[in-house]
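Undergrad: Per the numbering used here, residue 35 is the first one in the sequence shown, and the count goes up by one each step.
Worth flagging that the hints you see were computed from the coordinates, not collected in a lab. Just to be clear, a hint being listed does not mean it is correct.
Straight-line alpha carbon distances no greater than 25 angstroms define the calculated SDA-like cross-link-like pairs of lysine to any residue that follow [said to hold, decoys possible]:
(1) Lys605 to Val595
(2) Lys151 to Leu516
(3) Lys160 to Lys520
(4) Lys41 to Lys82
(5) Lys168 to Leu515
(6) Lys120 to Asp947
(7) Lys165 to Leu43
(8) Lys82 to Gln971
(9) Lys41 to Asp249
(10) Lys974 to Cys918
(11) Lys71 to Leu951
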Amino acid sequence: KMPVATKSLHVANSFEDLLKLVDGDTVTLKDKYFKGKNLRMLCTSAKKVLETADLCKNEGDEEKSFFLYMRYFSMVDYIRKHKDYKKGKDTYDQLIMLDQCARVMDTLEQQKKSLQKRYAILKDAKEAEAKERKAEEAAAELMHKPAPPPQPPEPASSPPLSGGSDISLTKVPAVPDVIKPVTTQLSSFKLLDMLQDRDTKLLIMDARPRQDFLDSHLKSSDCINIPEEVLKPGIIAEELSRSIPEESVELFEKRDSVDFVVLMDWKSVDVPEDNQAPLKVLKDAIYKWSTKKVLRSEPMVLRNGYEDWLMRYPMHTTNAHTKVPETSSDPPVGNYSNTTDSVYFPDPDHLFEEAMRSAAQQAKPSGPVSNSATAAMPLVDRSKKPSLLNGPMPNSASPKVVNGGSVNVPDALGTKGSVSHKVDPAPKPLPGGPFGGLSQDSDPRDSEAMSLEGIRQTENLKQKILDLTKDQLASEKEFELLRERKAREAEEELRHAVQEREEALQAHIRQLEKERAEVEQKVTDLTRSNEQYEQKLKEKNKELMHIRQLNEEQRKADKEVHRLREERKRKEQQEREEAQKDAGKTFADKPAVPSPPRSLKPTTNTAANSNNLKSQGTNATTPVERPQGVSMRSNGNLSRSRSFPNLSMASEESASEPTGPATSAAAAPQFDRTLKPSQSIEASTAVITRQPRARTGDVFYPRVRSISPSSGQEFKRSAGLRNLGNTCYMNATLQCLANTIPLALHFLSDRYKSDINRDSHRSTGGETAHEFKSLLAQMYYNDKSVSPKGFKCLMGRLFSVYAGYEQQDAHEFLLNFIDKLHEDLNRAVNRKGAPAPLPPADEATLSLNGRINRFWCQHLDRHLSVVSDLFEGLLVSNLTCLVCRKSSSSFEVFSCLSLPIPAISGSVCYLQDCLKLFLETESMSGEAAWDCPTCKQKRKAEKRMIIARLPKILIVQFNRFRCENAWQSKKLQTYVHFPVNSFDMNAYVDHTRVDTQRRPPYHLYAFLNHYGTLATGHYIAYCRAGLGGQWYMYDDASVTEVTLSESDKRNAYILFYTSVDMRHQFISHS
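Build out the structure end to end from the sequences listed, making use of the hints.
TA: As structure tokens, then:
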């Protein structure tokens, strides 16, 4: 892009004057133009002002762009203080382009520095110009000041002449030979200043040919064309008004109301003397022969014409590349020429000799004038000498002025002229003329010397004026070059300063980013090390507790075994004693001694049982008869442990003892395997549960999680998620989705695998779905917190914004994740093809309800998944023309309903208020008017949002982040009350216009809070789990059961409502 030439200063004389204009404009706008205006109209005007300011900046007009930028800020300030601004803040901010304020502020700072430097240069230029003007005035005063004439003697009476006639000499006024200063010329530099002076009214008449004017002329509205073709000698102003082009007539008729009239052609220096020259004809027509319209001042001529202006200021012309016509070497007769070859200059010496001869002839006593003794030298008026073409020849007869009298001199052919003169009785000198001091009695040599001296003085003065003019031109050129050089140096210096400042700021920003990354890395490392240390401490504590418990159980088991052994020995001793007493009885007749219950001697260890249970595909049981009279709790004081190391030894000891028939009748303890859930999930209504440790009698069961329908009564909650470094936004969102039971069951039951879409380029081939299922299984099959490292790595690969460890928005993460999940599971048949449009005639005949049904069917043909089935609803944006009542509808599928927060005086509102504000009718007029297809023009219209279909699971997000001004944004801390149970959304669906399905009341099952500000904060999830509906707080890895209070709901950011009764998900269908 080529650099734009900076325009010259034309608005103010200093930066302080420019600021005064800005302040005055601000007051005028507020007092006259802002009051009573529509806010939307003001926003549109502010946008136009900003666009105009940018245009002026691109054109190089710094003053005007600075003025308009300041006006834009004044309008923005007024708009933001308007009472209606907060009602539609986002809309108004977009209309006034509030995001451009930072850029405008930077531009104003740069223009301020540039303008201050340029005004300083202008001030120096004006001071230099004032000095030059004073020098010109001093030179002009010197040229105007005539030499003091000699004092003439007192007039004496003269005796009467012979002939008796009274003849007296009549005094002729002296015409001093003074050269007038150049007051009718104007340089290009001064003409530019006059054009930029707003207090000076100027009219420029361009006397060049019409075609030359159209090809290129001075870029000003005060410039008109008086074509050379119509400038004929003798023409008057009234005839010119009828001959010139129509666009020039209006300004030509106003020539008497301007301060100055400037004439110009291609190369003229001044108004020529030739009466046939176009400039001479034009000047005489408007200044000399015009009586109806009298000019305020004599017209001035642009020195060196349009050629000089084109060379100096090409940017102020309509075409800087026009061709200047060459001056003809042989000009036509009658045209003006700057050369002096055609002008006759008489020889002063010749005139002096001729005057002396005439005086000598008059001194002779012949004729009536023979006694005249007062003959004087002739007075030469050089300005009235004719040229060789039009004037008399040098030897032609002409009257001579002799001492105030006129004498006819005979011509060369002897033609006698009548002598008519008046004689002054006393000879008087002619003051001011070069020969005024001569008399009859003066010496001819002295007279000649005085004459030559006067001529030399005149020539010296002319040469001095010429030198002064040349010096002035050289000074103007040098000053113009100096001014341009200073302007270029100032711009270059400003550009270098801005570049250096940008480089310094960029280096500083890079340094700060580097330091910030190092600090963040240290914080991350410390956080991880602290978490690892805490985790190790917890594990150590659990190990210590487990060891203590094992030791205690082992001690009790040793004590119990020792007691059993003692009891068995005692019984055996009793049996031997009885056997000795009953020596006559046989061994077969002895009563059966009950062996110790089998419940104390499991055949396999606990680990084997656990492995067997995990490997079972069904709830198999092994029924064994329990011996009569033996209770499962016969040894109630025994506290069994699955990790007791001596159980196998005790079993071997019992097996090695002799047993009788009664021993065979004793059965092993019976295990109720129906209480042990299998790991397979077959029922569609299976529920995710956590199996706590349980003890039935003396039998201990391993802790096994299950999602079978039979264990639904023991369902509690999911495990916490560890914070990997500013990942609270992800953890809180995943907890809310994990507690969305229909979604979680679809993945944990592996039903999602049949829906995986591997053909779409937008899907990940099932990678997102598999990773989500894996994370859900870890959350529901672990007591300890889960690290979602693999899930985060996947999201970082899919979205670069999640690759690092910066804070992110939970709402944005939620939409991105469920969109990827939907693309992975989209099982629609026609998902690759675009819907076929209806003909316009058929489209016009459809009602709003028909268009909604048609759009929804087309959407389901292309988007069908468990995500769309649960979360997607439909919005309709309806536009209605207020003139012809034509309506147009557009449709939008939503998975999360974003609601604005009303701008109210208090800090509390309700969810119902947000819905009313979202659905309220908006008026569109002015620049935002609707281009009605029926009216074929912009019309006022009404825009209204309609909820056409409600989803099964409704997600609501509050727009808490709002742009406060041009430099900062703000988080709204408004407390939004929202219902927990029985929230009826059907009241916000216009069933009179839309025939849609009515949804059951919604119940809140999860919500997500944001604590902090826009720059920093923390996310926490609250979820309801289990049949009892207990609420749990998920703060990353920490999971706590809470009783929901108003303080917990104050910072709600995203709400999760369900219209599906989740309780039936926990009921077994056996």
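Undergrad: Next, verify each hint and record whether it holds.
TA: Structure-based check of each hint:
no.: 1; hint: Lys605 to Val595; verdict: 15 angstroms, holds
no.: 2; hint: Lys151 to Leu516; verdict: 15 angstroms, holds
no.: 3; hint: Lys160 to Lys520; verdict: 14 angstroms, holds
no.: 4; hint: Lys41 to Lys82; verdict: 22 angstroms, holds
no.: 5; hint: Lys168 to Leu515; verdict: 21 angstroms, holds
no.: 6; hint: Lys120 to Asp947; verdict: 15 angstroms, holds
no.: 7; hint: Lys165 to Leu43; verdict: 21 angstroms, holds
no.: 8; hint: Lys82 to Gln971; verdict: 21 angstroms, holds
no.: 9; hint: Lys41 to Asp249; verdict: 23 angstroms, holds
no.: 10; hint: Lys974 to Cys918; verdict: 10 angstroms, holds
no.: 11; hint: Lys71 to Leu951; verdict: 24 angstroms, holds
Hint check: no violations occur; every hint is consistent with the structure.
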